[in-house]
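Enquirer: Below, each chain spelled out in residue letters.
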Amino acid sequence: MAAFSLTINNKKHNVDVDPKMPLLWVIRDVLGLTGTKYGCGIAQCGACTVHVADAAVRSCMYPVENVGTQKVTTIEGLSEKGDHPLQLAWEEVDVPQCGYCQSGQIMAAAALLKSNPSPSENDVHNAMTNICRCATYNRIKKAINQAAGNKITIPNP
Amino acid sequence: MQEQANLNRRNFIRISALTGGGLVLGFNYFLTSCSTSQDGGQVIELNAFVKIDTKGRVTIMSPNPEVGQGVKTSLPMLVAEELDVDWKEIKIEQAGLDTVNYKRQVAGGSGSVRESWESFRKVGATARQMLISAAAAAWGVPAAECATENGHVVYKGKKKTYGELVEQAAKLPVPENVAVKPATAFRIIGQRTRNVDNHAIVTGQYKYGIDTKREGMLYATIIRPPAFGMTLESLDDAEAKRSPGVQQVLRFDNKIAVLGRSTWEVMQAAKKVKPQWKEDGTLESTADYTEKLHGILAKKPEDKPRRQDGNIGQAFAKAAKVIELAFDAPFLAHNTMEPMNFFAHVTADGAELYGPIQTPERARGRIAELLKLPEEKISVMMTRMGGGFGRRLMTDFVEEAAMVSRLAGNVPVNVIWSREDDMTGGFYRPMCSYRYKAALNGNNELVAWHHHSAGVSGGGASPDSFPAGAVPNFQVDAHTYKSPVTTAPWRGPTHNYIAFSEQSFLDEIARQAGKDPVALRLELLEQARANPVGKVNYEPDRFAAVIKKAAEIGGWGKSKGENIFQGFAAHFSFASYVAQVAEVEKQADGKLKLKKIYCVVDCGTVVNPSGAETQVEGSIIDGIGHAMYAELTLTNGRPDQSNFHNYRMIRMREAPAVEIHFIQSSVAPTGLGEPCLPPAGAALANAVFAASGVRLLDQPFIKSGLFA
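Taken in sequence, the protein lines are chains A and B.
Mind the numbering: the first sequence is residues 1 to 157 in full-length UniProt numbering, read in order.
Mind the numbering: the second sequence is residues 1 to 708 in full-length UniProt numbering, read in order.
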């Protein structure tokens with residue numbers, strides 16, 4: 001066990017946990033922020049995506065000891081009022097079916113648009129490798145396109 | 001018709017008992033008490049589906065489990081339509097299991113909207129009629145001359161909100177046989193309506209079952225036998241018990257539960273438990289099953305045919321041409337994105353169960369039996385499920401949670417499965433093999449069809465599937481090989497694979513008969529219409545209509561460039577008609593890539609076009625993904641795949657574009673969560689044949705090496 005001072009969603013949290021505990025479980029079980037989901041535990045599905053210093057990170061394999069002083073953002077902190085352009089687009093396009101993977105999808109998309117506000121379709125495919133068993137992929141793409149101001153070239157409807 | 005809502009008087013009108021109040025409203029109600037809304041209004045249950053507070057706020061209860069199929073949106077739309085309220089102003093609440101007031105609280109068989117279409121509208125219409133009667137009485141005017149507008153009753157310049165009327169309305173007798181609106185008057189049904197939980201989902205606020213945390217609750221993980229055919233002999237849990245955060249290690253059945261203060265800590269500790277497993281029967285592998293199934297199919301069918309029209313033996317003897325193909329289907333895991341989990345708090349005389357379950361009533365029954373508790377002492381609340389696909393029709397994970405809670409000393413627990421537990425824990429789509437044989441006469445007409453299938457721990461036949469009814473000599477034989485592998489329904493049960501094999505075989509028949517695949521299907525449907533053979537479980541005209549429309553929107557038979565190839569498939573299931581055209585592109589290196597699926601659906605009335613489209617698009621891509629990439633294999637009883645690194649799921653890059661057309665219809669709605677999945681793999685396989693001349697006979701297709 002070791003003490004860590006984490007900055008999550010611009011708020012300081014002091015936790016005393018195993019340094020190897022993945023950030024996902026610190027966020028979920030210790031701090032009770034359950035918007036970040038567990039899906040696979042091996043960084044394959046992306047349901048646990050958060051931002052560490054603005055980069056998309058699959059928190060299920062990211063030990064808490066690696067966070068250091070970097071700022072962590074979870075879905076709960078993506079916007080103050082739930083009105084990030086991607087969140088609005090997700091609602092407008094009516095993306096969620098079961099909805100479980102969507103917070104991870106949104107966090108992955110938000111990191112993409114932050115570093116690349118006008119991504120090509122290929123850029124979107126490279127960044128958006130999260131799994132959705134409901135297969136809402138085409139609506140996710142549409143929502144990202146909408147949030148990016150319809151700048152993405154999508155060859156097919 | 002089975003009524004979803006129990007409309008008997010005693011239950012229909014209730015004043016709800018949430019917190020104190022004790023408002024007595026009259027003599028003819030099943031009175032309990034009432035609750036108070038945030039702004040001080042009294043909340044009154046007009047019936048089990050409709051609560052209105054005296055300030056006018058309307059809440060509609062959604063009794064069916066929400067698994068991503070959209071019923072928490074579409075079913076309340078039915079009530080709201082008839083109640084005549086402003087959709088934007090109302091609140092939707094999930095109801096828990098309540099078998100007194102609700103019927104069929106199940107998510108399965110694409111049945112929620114089908115089974116609720118009449119009764120939910122009637123519930124809304126009946127409540128509206130009571131509000132009208134209350135207003136008419138207050139104004140001393142005939143009820144028949146009053147109307148409603150968005151949460152108000154109106155009469156010649158007079159207007160009262162539902163909130164002002166609800167107390168009086170709740171005292172009135174429940175009217176019988178209230179008429180519902182004609183389709184032409186719909187204002188909510190047929191409108192694009194967003195999923196009511198969208199905001200909570202996109203902001204991370206929605207609490208799924210796995211997110212449940214209560215005072216004093218322990219997280220638990222369970223170690224189960226690593227192979228089908230193994231049981232637990234002994235265990236050494238000394239090291240696990242010393243692991244940080246661990247509170248208890250329990251043994252029950254052939255399982256070991258580790259309980260503690262965080263999910264990760266109990267998962268880590270579980271790795272330190274040293275169980276001794278022993279073989280309890282034969283440990284079988286996929287290769288053994290293939291051999292068994294092929295062995296069964298090599299012999300003459302032993303059991304009574306599942307369907308028999310004419311005489312296939314004579315027809316094959318006289319045939320001008322006999323066509324045969326054999327197909328194999330692997331086991332598939334459900335892989336819901338939210339792994340199995342359940343919260344249970346068993347007490348001395350009851351139990352609280354809370355979590356993601358498609359069959360809450362069955363779960364309650366199982367727990368009552370298991371813990372020897374009366375059903376009325378067990379509460380079940382359903383959370384929005386992070387996917388089900390049939391896995392959550394099972395109740396094993398609820399039973400485990402209840403057992404662990406009891407054995408731990410009636411402690412509240414949330415039992416959480418790791419992805420590995422979830423994928424290797426059984427309840428797979430059965431592995432199946434199929435042999436098809438067809439006969440053509442001298443005019444290249446299909447005169448005989450034989451389906452012979454065998455499945456592991458489950459069957460593969462859908463005896464009345466098209467072209468049943470259109471072929472004079474038609475026989476279906478099906479066998480099951482019993483194994484220790486547990487199987488379960490998987491999205492579009494049976495249909496999910498049979499549509500692939502049947503529609504691929506029809507494509508091959510068309511080729512060998514020298515006919516266009518669309519023309520062959522229409523010819524057979526004409527046969528089923530004009531000269532039906534035996535039972536016909538589909539309407540040939542509706543089936544033909546989706547096929548013609550799909551050919552039209554897909555540009556079937558028209559050149560789309562020399563590198564574009566198309567395949568066709570059509571399938572009827574869950575009372576809905578689906579036809580699809582798949583388009584693949586042959587790249588410069590000769591490899592194939594699926595570009596697009598055109599899909600035409602006749603599912604009767606479309607309640608929510610936005611929800612319906614996403615079900616269609618999602619189920620097609622889901623179907624393509626599994627046909628292309630997925631299989632679960634076993635070696636000596638152990639699943640070879642354990643997580644998404646070795647069980648491939650479709651991702652965004654591989655998802656085809658999907659163009660959807662719904663047949664305009666005013667008939668009652670039919671299933672939609674499943675029926676578009678089954679034909680997708682066949683449409684793709686038939687396009688692959690058109691592009692390459694290779695007939696894909698087993699899944700996953702990726703193994704063929706044909707794809708980019």
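I should point out that these hints are in silico values taken from the structure, not numbers from a laboratory.
Be aware that a few hints might be false.
[As the list claims (entries may be wrong)] In silico DSS-like links for lysine-lysine, alpha-carbon gap of 30 Å or less:
no., chain 1, residue 1, chain 2, residue 2
1, B, 272, A, 81
2, B, 274, B, 91
3, B, 292, A, 81
4, B, 241, A, 81
5, A, 12, B, 207
6, B, 213, B, 241
7, A, 11, B, 207
8, B, 181, A, 20
9, A, 20, B, 272
10, B, 586, B, 299
11, A, 81, B, 213
12, A, 71, B, 213
13, A, 12, B, 703
14, B, 292, B, 274
15, B, 159, B, 103
16, A, 20, B, 241
17, B, 586, B, 596
[Said to hold, decoys possible] Some chain B residues near chain A, calculated using beta-carbon distances under 8 Å:
no., residue
18, 206
19, 213
20, 274
21, 277
22, 283
23, 285
24, 385
25, 641
26, 651
27, 652
Yeah, the Cβ is synthetic: ideal placement off N, Cα and C, and Gly gets one too.
Enquirer: Work down the list of hints and note, for each, if the structure agrees.
Expert: Now for the hints, and whether the structure bears them out:
{"no.": "1", "hint": "B:272 with A:81", "result": "violated, 44 Å"}
{"no.": "2", "hint": "B:274 with B:91", "result": "violated, 51 Å"}
{"no.": "3", "hint": "B:292 with A:81", "result": "violated, 59 Å"}
{"no.": "4", "hint": "B:241 with A:81", "result": "violated, 44 Å"}
{"no.": "5", "hint": "A:12 with B:207", "result": "holds, 24 Å"}
{"no.": "6", "hint": "B:213 with B:241", "result": "holds, 22 Å"}
{"no.": "7", "hint": "A:11 with B:207", "result": "holds, 22 Å"}
{"no.": "8", "hint": "B:181 with A:20", "result": "violated, 61 Å"}
{"no.": "9", "hint": "A:20 with B:272", "result": "holds, 16 Å"}
{"no.": "10", "hint": "B:586 with B:299", "result": "violated, 40 Å"}
{"no.": "11", "hint": "A:81 with B:213", "result": "holds, 25 Å"}
{"no.": "12", "hint": "A:71 with B:213", "result": "holds, 26 Å"}
{"no.": "13", "hint": "A:12 with B:703", "result": "violated, 50 Å"}
{"no.": "14", "hint": "B:292 with B:274", "result": "violated, 34 Å"}
{"no.": "15", "hint": "B:159 with B:103", "result": "violated, 35 Å"}
{"no.": "16", "hint": "A:20 with B:241", "result": "holds, 19 Å"}
{"no.": "17", "hint": "B:586 with B:596", "result": "holds, 13 Å"}
{"no.": "18", "hint": "206", "result": "holds, 7 Å"}
{"no.": "19", "hint": "213", "result": "holds, 7 Å"}
{"no.": "20", "hint": "274", "result": "violated, 21 Å"}
{"no.": "21", "hint": "277", "result": "violated, 23 Å"}
{"no.": "22", "hint": "283", "result": "violated, 26 Å"}
{"no.": "23", "hint": "285", "result": "violated, 25 Å"}
{"no.": "24", "hint": "385", "result": "holds, 6 Å"}
{"no.": "25", "hint": "641", "result": "violated, 12 Å"}
{"no.": "26", "hint": "651", "result": "holds, 5 Å"}
{"no.": "27", "hint": "652", "result": "holds, 4 Å"}
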